[in-house]
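Chemist: Read off the chains here:
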Amino acid sequence: MPSPEPLAVEPAGRSTATRSVELDAFPTRTRLSTLTDGLRAYGMIAAMWIRSTMTYRASFVMTTVTSFVVTAFDFIAILLMFTHVDALGGYQLGEIAFLYGAAATSFGLADLLVGSTERLGRRVRDGTLDTLLVRPAPVLAQVAADRFALRRLGRITQGLLVLGYGLGTVHVEWTLLNLLMVPMMLVSGALIFAAVFVAGGSFQFWAQDAAEVQNAITYGGNTLLQYPPTVFAKDLVRGVTFVVPLAFVNWLPALAVLDRPYPLDLPHWFAYLPPVVAVLCCWLALLAWRAGLRSYRSTGS
Amino acid sequence: MEAFIELDGVEKVFDVRRRAGLLRREKSQVRAVDGLSFTVARGEMVGYIGPNGAGKSTTIKMLTGILTPSGGRLRVAGIDPARERTRLARRIGVVFGQRTTLWWDLPLKDSYRLMHRMYRIPDQRFRENLERCVELLDLGELLEVPVRQLSLGQRMRGDIAAALLHDPEVLYLDEPTIGLDVISKAKVRDFLRDLNADRGTTVLLTTHDLTDIEQLCRRVMVIDHGRLMYDGALAGLHEVGESERTLIVDLERELPPVVIDLARTVRVEGPRQWLAFPASQSAAPLVSALAARYPVMDLSLREPDIEAVIAKMYAGRSGQ
Ligand SMILES: Nc1ncnc2c1ncn2[C@@H]1O[C@H](COP(=O)(O)OP(=O)(O)OP(=O)(O)O)[C@@H](O)[C@H]1O
Ligand SMILES: [Mg+2]
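Chains as they are written, first to last, in my numbering: chain C, 494 to 794; chain W, 757 to 1076.
The hints are simulated quantities; they were obtained by calculation from the structure and are not laboratory data.
Warning: the hint list may mix true and false statements.
Stated by the list, open to error - With the Cβ distance kept under 7 Å, some of the chain W side facing chain C (calculated, not the full set):
1. Leu779
2. Lys783
3. Thr820
4. Ile822
5. Thr842
6. Arg846
7. Val850
8. Arg855
9. Thr857
10. Trp859
11. Asp861
12. Leu870
13. Arg873
To be verified - Residues of chain W clear of chain C, computed beta-carbon distances all greater than 10 Å:
14. Phe760
15. Gln880
16. Glu897
17. Arg1009
All of these numbers come straight from a predicted model, not from anything done at the bench.
Using N, Cα and C, we set each Cβ at its ideal position, and we do this for glycine too.
Take the sequences, apply the hints, and build the full model.
Modeler: In structure tokens, the structure reads:
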């Protein structure tokens, strides 16, 4: 290799001729392979985090137990309430347990899988997202798997227990359709919550301290959905149906199973929309994520 | 020679908001990189230097696809990094001196195992590369140690190994020797030199330690305010910069300022005197002339620091 000739460069003027704007930003790799790559990376990173938490085994056991106990008390409060009243918003204890369990399980699943996106703001602020961007794996998968915490299984366990209690108590004719509604509701609900988590996380690309807003919708939404829609003002129910479509997580499908009227005058088939709404929400969340990622600007040091 | 890295009029502008009163915020723009053009051939080892805030890290972030250029054209191995970041990631290695990619709570080797799987490195290849890094970077004893227990220098060596297990064609290093002691620095430099010579890995190195560049890079690029100020051999930089080295002389007793042809005395403090002479000139004749005429007790030589060289060169060039 010849030693390069010294070449002093004049401070160049701004070159406008070469300013290239490339708009058709379609990656050459297919969507499907991105998805499988993402899942693969997710699994690997989640496993690393599980191993990391296991290095503090005592602390892991403590937080898992605490998480379970805290969420358990949440439902115990409702049980206590029912020692004084027979119905809440016209709903019996079993029905409430059904709503509560469905919401808590969906939320727990979403929280376990993508709840870590709420920490994105910190990575954006301190620029540590840089290190994820130079990896050959989708960033969303890496961020979602960040600090993957098995202790969140505590919430899912509690949700499933309450749901089981509800299902065993309610008086429902368990036709095939009604039976299928339950898993459909849980999966769609988890996806809707996941989309809200991801959309909220994307928002933190612009506003790094927006985790509060995200929490209000996810954790707040979860609490809201644990009660029947009849206890809330109509406007709130409308917002939760049409603006942030959390009502599709459990209210609409569960009320159809329970054969109860929905407070808003909606056609019956709305109860079967959760999968469609879930796919739509996920798609919007991914768009928001991409836009956010494009606006990422790292930090000065 | 094949151009491996190509920049043509690349720009990066940051919008920044500054508080200009209690509620009002002023928008302004920072041109971190301002019309930068250069090429690097495959197998070159290039030093990329400049004062704080010159735009070095920003350039590296654009080369890796972390940041999207505001204008201009940029290619690495024929790939536009911002558009195909993930595809490019397999072919590049990056070490940010300020930031670790290792897993804090896990033994060092676990981080490497993750690399193995994430980059789908063939088993045989992974074993060879790891063995090589362990040997040359002296990591043998550290593999089982949780990263949080490593010292800064040990961690940096661990990070460098992590960036190389997948046989990247190009390695970007942003201040890899920051905070390292002399021995660690030497180890890292030796390793990089071998890597470049044996594997032909292209290396782009950012540093504030001129010795790194002196020992490693035939070619150096200097940027300031996001513009390329100099591109060539390091020796040439000293000439362009008219920089000076300093000989610190301890005399037997306090004397009036030394008068000698080859240097000028710039400072006197008791029996200690500071003599400046052009960096392009050898210190040997000056030392012998001095020893012949003055009662010298001790000597030490200070290299011009990179910031001074650049500052001087920049001032000289733009005539400000
Ligand atoms: N994310 C950012 N937002 C706003 N301004 C930025 C950002 N990143 C860099 N800058 C600005 O761009 C300029 C170049 O920064 P850069 O980090 O590239 O410098 P550098 O050459 O790496 O400096 P150093 O030697 O201090 O690391 C600086 O003026 C810096 O303030
Ligand atoms: Mg920098």
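Chemist: Evaluate each hint against the coordinates.
Modeler: A quick look at each hint next to the structure:
Look at Leu779 (chain W): its Cβ only gets to about 17 Å from chain C, farther than 7 Å, so that hint breaks. Interface hint at Lys783 (chain W): violated, since its Cβ lies 14 Å from the closest Cβ of chain C, which is beyond the 7 Å cut-off. The restraint placing Thr820 (chain W) at the interface with chain C holds, with a minimum CB-CB distance near 5 Å, inside the 7 Å limit. At a threshold of 7 Å, the smallest CB-CB gap from Ile822 (chain W) to chain C is about 5 Å, leaving the interface hint in force.
Nearest Cβ of chain C to the Cβ of Thr842 (chain W): about 5 Å, under the 7 Å cut. The hint holds. Residue-level restraint check for Arg846 (chain W) holds (minimum Cβ-Cβ distance to chain C is 5 Å; threshold 7 Å). For Val850 (chain W), the shortest C-beta to C-beta distance to chain C is roughly 5 Å, which falls under 7 Å, so the interface hint holds. A least Cβ separation of about 6 Å between Arg855 (chain W) and chain C falls short of the 7 Å threshold, and the interface hint therefore holds.
Below 7 Å, beta-carbon pairs count as interface contacts, and Thr857 (chain W) has one with chain C at about 5 Å; its hint therefore holds. Using the Cβ-Cβ criterion of 7 Å, the hint placing Trp859 (chain W) at the interface with chain C is satisfied: the shortest such distance is roughly 6 Å. This hint holds: Asp861 (chain W) has a C-beta 4 Å from the nearest C-beta of chain C, less than the 7 Å allowed. Taking 7 Å as the C-beta cut-off, the interface hint given for Leu870 (chain W) holds, the closest approach to chain C being about 6 Å.
The closest approach between the C-beta of Arg873 (chain W) and any C-beta of chain C is roughly 6 Å, which is under the 7 Å cut-off, so the hint is satisfied. Every Cβ of chain C is farther than 10 Å from the Cβ of Phe760 (chain W); the closest lies at roughly 13 Å, confirming the non-interface assignment. Against the 10 Å criterion, Gln880 (chain W) stays outside the reach of chain C, whose nearest CB is about 20 Å from its own CB. No beta-carbon of chain C comes within 10 Å of the beta-carbon of Glu897 (chain W); the shortest separation is about 20 Å.
Taking the minimum C-beta to C-beta distance to chain C, about 45 Å, the non-interface status of Arg1009 (chain W) holds against the 10 Å cut.
Violated hints, in rising order: 1 and 2; the structure is consistent with all others.
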